[in-house]
Structures are given as C-alpha cells and as structure tokens.
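Q: Oh and the sequence shown: position 6 is 6 in my numbering, straight run, nothing missing.
Accuracy of the hints is not assured; some may be wrong.
As the list claims (entries may be wrong) - Quick list of in silico lysine-lysine cross-link-like pairs, DSSO-like style, CA-CA up to 30 Å: (1) K95 <-> K43; (2) K104 <-> K116; (3) K95 <-> K116; (4) K43 <-> K82.
Keep in mind the hints are simulated off the structure, nothing from the lab.
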Amino acid sequence: MSKKETPFLKIPTGSHWRTIAKMPYLNGVQLKGEEVVTIMGFKEESFYSPKDKQNMISIVMYVSGHSEGIILGTRKNKQLEKILGGDMSTWAGQKITIFPQEEKHFGEWFPVVNIKDFVITKKVMTPEQIEKASAALASGKSSIAAIEKHYILDDATKTKLKSFIPKK
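Taking the hints into account, I'd like the entire structure generated from these sequences.
A: Now the structure itself:
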C-alpha cells in the first residue's frame, strides 16, 4: 500500500505564519486594522498557558466576522467592564472595536488583539460631498471602497455613486 502524498501549501507572498497556521484563538496578525464587531457570546475553554506552564480554564469571547475566539484575561475583562459595565450578562449583542497592538510577552514582541469602545467616526455625506465624490469616481481618482472608509453610505447613495463609475 503506497502512502498518499499531501500537496505543499500555496503560501501567498508576505504571509505571516500566524495567518497560515490554524490557530484556535484570534491574534493581532489576523486583524488588518480596527474592526467594529458584535459580541456573539462566551464559552469556557481549556488551553495551555505558556506563562503558567499548565492547562488553564478561561472565558473565551466570540465576535462577529471571526470563527476564532478571544481569550479574556484580566486586562481584557477590565477593558470590557469599562466599556460595557460590570454585568457580563448584558455584553452579548453589544458592539466593540478590536484592533492589533504590539505587546511584549516572554521577552518578545507579539501582535495581540486589543479592545476599545465602539464609536462611529464616519459621517453621512452632504449633497456637496456626494457631488465631489461623483466627480472623483467619474475621473477614476477614487473608488466606492475609498469613500466608504470615510463616509456612511446608504444603499441609495451607494447606487447613485456607482452610476458615475465609467464602464470598462
């Protein structure tokens, strides 16, 4: 009986090993910047703690857009308490912002997941801004994605702006 060969992984250029490895918990490398997420729920899970050199049981928080959970240590629990209040039973369904941040652990720097309050920083476009955005789209100097980074676009405005994009 011959052993079936497993094909090599196709690894995209610039990939960090933490994005390729099937890590059970969300880490900072997987985040491309700030993300507004909704807390979906919590589970109690056992994992190996390199700091304590033993298996630990901790609360893991699951958020929208990610299948991996976020381990809630004391610091993250305090951050969540400051943002959402002390009653953890009310946290599910709430919006928070997660983002990558470099922290030193075990003498090395690691990108970790950090938490802050959910704040809307985007604005609704004024008619003048829609006109300027339409001109930028028509000339190819901007894109819908670029505009969405700075403004909230409802479906009607997005459809209107898309009509200014030149057909290829």
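Q: Evaluate each hint against the coordinates.
A: Structure-based check of each hint:
1. K95 <-> K43: Since the Cα atoms of K95 and K43 sit roughly 18 Å apart, the hinted pair holds (cutoff 30 Å).
2. K104 <-> K116: 19 Å, holds
3. K95 <-> K116: Satisfied, since the Cα-Cα distance of roughly 10 Å is no more than 30 Å.
4. K43 <-> K82: Between K43 and K82 the Cα gap is close to 21 Å, so the pair holds against 30 Å.
Comparing the model with each numbered hint stated earlier shows that all of them hold.
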